Structures are given as C-alpha cells and as structure tokens.
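Here this note's numbering is used: the first residue of the sequence shown is 2, the next is one more, and so on.
None of these hints come from the bench; they were simulated from the model.
No false leads were slipped in.
Now the in silico label distances, taken between C-beta atoms and shown as ranges:
id, residue 1, residue 2, range
1, D36, S56, 40 to 48 Å
2, V254, D303, 40 to 48 Å
3, G264, D36, 41 to 49 Å
Calculated lysine-lysine pairs in the DSSO-like style (CA-CA distance at most 27 Å, straight line):
id, residue 1, residue 2
4, K98, K135
5, K135, K46
6, K46, K98
For clarity, every value in this text was computed on a predicted model and none was experimentally measured.
Built from N, CA and C at the ideal position, the CB exists for glycine as well.
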Amino acid sequence: MSEHLITGSGPLLNEEGSLCEPGYALRPPFVYDHDQIAAPAWRVKDWDYYLVSDSSYALALTFSDLGYIGLVSAAVIDLAAPAHTTTSELVLLPMGKMGLPASSETGDIEWSNRRCTVSFRHVGGGRRLTFTMKQFKGEDDLEAELLLDEEPQDSMVIVTPWAENPQAFYYNRKIIGMRARGGFRVGDFFHEFDGSEALGLLDWGRGVWTYDNTWYWGSAMGWQENRVIGFNIGYGFGDTSAASENIMFVDGVGHKLGRLTFGIPQDEEGSYLYMKPWHIVDDEGRLDLTFTPTIDRSDLIDVLHLVVSDQHQVFGTFDGSAVLDDGSILAIDGLRGFAERVHNRY
Numbered sequence: 002m003s004e005h006l007i008t009g010s011g012p013l014l015n016e017e018g019s020l021c022e023p024g025y026a027l028r029p030p031f032v033y034d035h036d037q038i039a040a041p042a043w044r045v046k047d048w049d050y051y052l053v054s055d056s057s058y059a060l061a062l063t064f065s066d067l068g069y070i071g072l073v074s075a076a077v078i079d080l081a082a083p084a085h086t087t088t089s090e091l092v093l094l095p096m097g098k099m100g101l102p103a104s105s106e107t108g109d110i111e112w113s114n115r116r117c118t119v120s121f122r123h124v125g126g127g128r129r130l131t132f133t134m135k136q137f138k139g140e141d142d143l144e145a146e147l148l149l150d151e152e153p154q155d156s157m158v159i160v161t162p163w164a165e166n167p168q169a170f171y172y173n174r175k176i177i178g179m180r181a182r183g184g185f186r187v188g189d190f191f192h193e194f195d196g197s198e199a200l201g202l203l204d205w206g207r208g209v210w211t212y213d214n215t216w217y218w219g220s221a222m223g224w225q226e227n228r229v230i231g232f233n234i235g236y237g238f239g240d241t242s243a244a245s246e247n248i249m250f251v252d253g254v255g256h257k258l259g260r261l262t263f264g265i266p267q268d269e270e271g272s273y274l275y276m277k278p279w280h281i282v283d284d285e286g287r288l289d290l291t292f293t294p295t296i297d298r299s300d301l302i303d304v305l306h307l308v309v310s311d312q313h314q315v316f317g318t319f320d321g322s323a324v325l326d327d328g329s330i331l332a333i334d335g336l337r338g339f340a341e342r343v344h345n346r347y
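Please take these sequences and the hints and turn them into a complete structure.
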C-alpha cells in the first residue's frame with residue numbers, strides 16, 4: 002500500500018474541523034490550533050511523553066491533558082533487576098488548561114501543584130526537562146534533570162483521521178535518538194545519564210480521539226557499528242490508510258516502512274503472553290525482528306470505569322534486519338527498546 006508524503010504546509014483542520022491532508026511527514030507540516038477543533042473540549046487529548054534510557058535504566062515522563070482528566074506520570078524502569086515503579090498524579094477537568102504548547106518545535110511547559118513540578122523547556126538547540134514528584138515510591142521523592150540535544154534530521158510525523166468520526170484526528174510527532182545527559186534521584190539513589198550511551202525520545206501527541214481504542218507502539222534506539230540507529234513502529238491509531246508511522250532511522254535519516262504486525266504470542270484462550278518472544282514483520286519484506294522481553298511495565302488506571310488505561314509497555318531487545326531505502330540490509334543486534342499494547346477508554 003502506498004504511503005502519502007505530505008509536502009505542503011498550512012492549517013491542520015478545515016472549516017468543518019476535519020483533517021485537510023492525512024499522511025506522514027519527516028518534519029511537522031501543519032499548524033495545530035485548538036480554536037479550529039469542532040469537537041467538545043473533553044474529547045481533546047494532548048500529551049508530551051519523554052523516554053530516556055541507557056543499558057541500566059529508563060525514565061519515562063508524561064504530561065497530558067485528556068480533556069476531562071489530566072495525567073502527570075513518571076516511571077523508573079530498572080532494566081537489569083528487572084523492576085519498575087510508575088506513579089501518576091491525576092488532575093480533574095483540566096479541559097485544555099494545562100498549558101501544552103501547540104508546536105513540538107517551540108513552546109514550553111511550566112506546571113506545578115502541591116505534589117509535582119514539571120518544566121519542559123527549549124534551551125539553545127536542545128530541550129531541558131525538570132521533573133519532581135513527592136512520594137514517588139513510598140516516602141521517597143523523585144527528582145529528574147535532563148538535557149536532550151543533537152536532535153536528528155528526520156522525525157516521524159503522522160496525520161491520521163478516524164473513519165467513524167470525521168472530527169476525530171491524531172497529529173503526532175516522534176523524535177527518536179536525541180543525546181541525553183543528566184540524571185534522576187529517588188530517595189538516596191541517583192542514576193546518571195552521561196551522554197555517551199543514553200538516548201532520548203519525544204512522543205508529542207495532539208488530537209481528538211474516539212472513546213475506545215487499542216494501540217500498538219514500539220521504539221528502539223542505540224549505537225550499532227558506530228552509527229545511531231532507531232525505529233518507530235505502531236498501528237491502531239485510527240484510519241492509517243494514507244500512511245503508517247513505521248520508519249527506520251540511521252544517523253538521523255528516515256527510511257520509511259509500510260504496514261506491520263507485532264506478533265504477540267497468545268495462549269489457547271487468547272490471552273497475550275507478553276513475556277514470550279514477539280515476531281514483528283512488515284508487509285513488504287523489509288523488516289523482520291524478534292523482540293525478546295525482559296520486563297513488562299504494566300499499569301492500570303481506572304477512574305470510575307469511565308477513564309481506563311490498561312497498559313503493557315514491554316522492554317527488551319530487538320534482533321533481526323531492516324532493508325533501507327537504497328536496498329542495503331541493516332543488521333539489528335540486541336537493540337534496546339520497548340513494544341507496547343495499550344487499551345484506552347477515555
């Protein structure tokens with residue numbers, strides 16, 4: 002199936018509140034404007050999600066305004082133990098007032114309450130992340146200070162409608178493989194991301210979602226043969242007939258891929274066996290990966306059975322190969338990353 006590359010620019014939405022041009026791009030092509038959205042405020046879902054990792058730890062920071070509820074969340078994943086801690090602060094009825102910027106390239110987040118302080122700022126050619134949360138793990142507080150820079154040339158931008166609702170859409174950008182420096186502290190424990198190994202990604206999402214969705218998303222990044230490589234893979238985000246969000250990155254240059262499936266193993270009753278190896282292949286014979294899980298960062302948020310997020314973000318390693326745009330074969334050997342299946346009702 003062909004992939005539509007967006008080459009123009011302008012407004013994201015037309016006068017009816019529907020997408021002007023579904024497809025994909027390597028840089029943000031459109032202007033996101035809340036005033037153009039035809040759906041009610043409680044259906045708008047905006048978020049910034051950062052993940053920083055090295056061979057020992059991963060740190061995930063989420064700041065989101067989901068209309069009738071906001072979510073400020075942090076997760077520390079000990080990749081060696083393996084173990085994880087995820088703690089979330091809920092904000093009732095923010096309705097677009099949490100201050101998420103309309104652009105992934107400009108605009109900052111400054112937000113705090115009695116428990117959390119969030120500062121995501123553009124500084125020079127990078128992004129400085131400051132995050133604190135009281136009682137993150139028992140009585141221990143979390144403090145994080147990070148600098149992400151050396152942003153790659155290409156990113157993955159997807160502009161996706163929903164077939165069943167013309168006013169629903171997903172405008173998303175994934176920046177994968179930024180250099181990460183800094184660290185985080187939980188109680189007396191401190192871990193440093195020294196920049197020689199640690200990399201970071203941004204998942205920047207804006208849009209109007211339908212109520213009940215299941216998505217699949219995976220990403221990995223690291224050094225192989227003195228090159229920074231990474232990828233973004235996923236599906237389940239609305240009507241992706243115009244384009245998928247599957248792409249390989251080599252030293253910051255994108256190599257677009259087609260459709261794929263995650264191949265999560267299941268038992269005889271149909272339950273997912275998240276900790277068994279997954280087989281991920283695309284429909285063009287360009288991607289063939291085995292994902293070997295090491296830890297399932299599962300989390301369930303249930304607010305009166307109305308807002309539900311059942312998450313399985315599984316960390317592990319990817320092995321296999323990808324065919325790049327010039328026909329050369331990229332070997333993938335023990336590349337660290339994650340793949341997830343998330344069911345949301347929100």
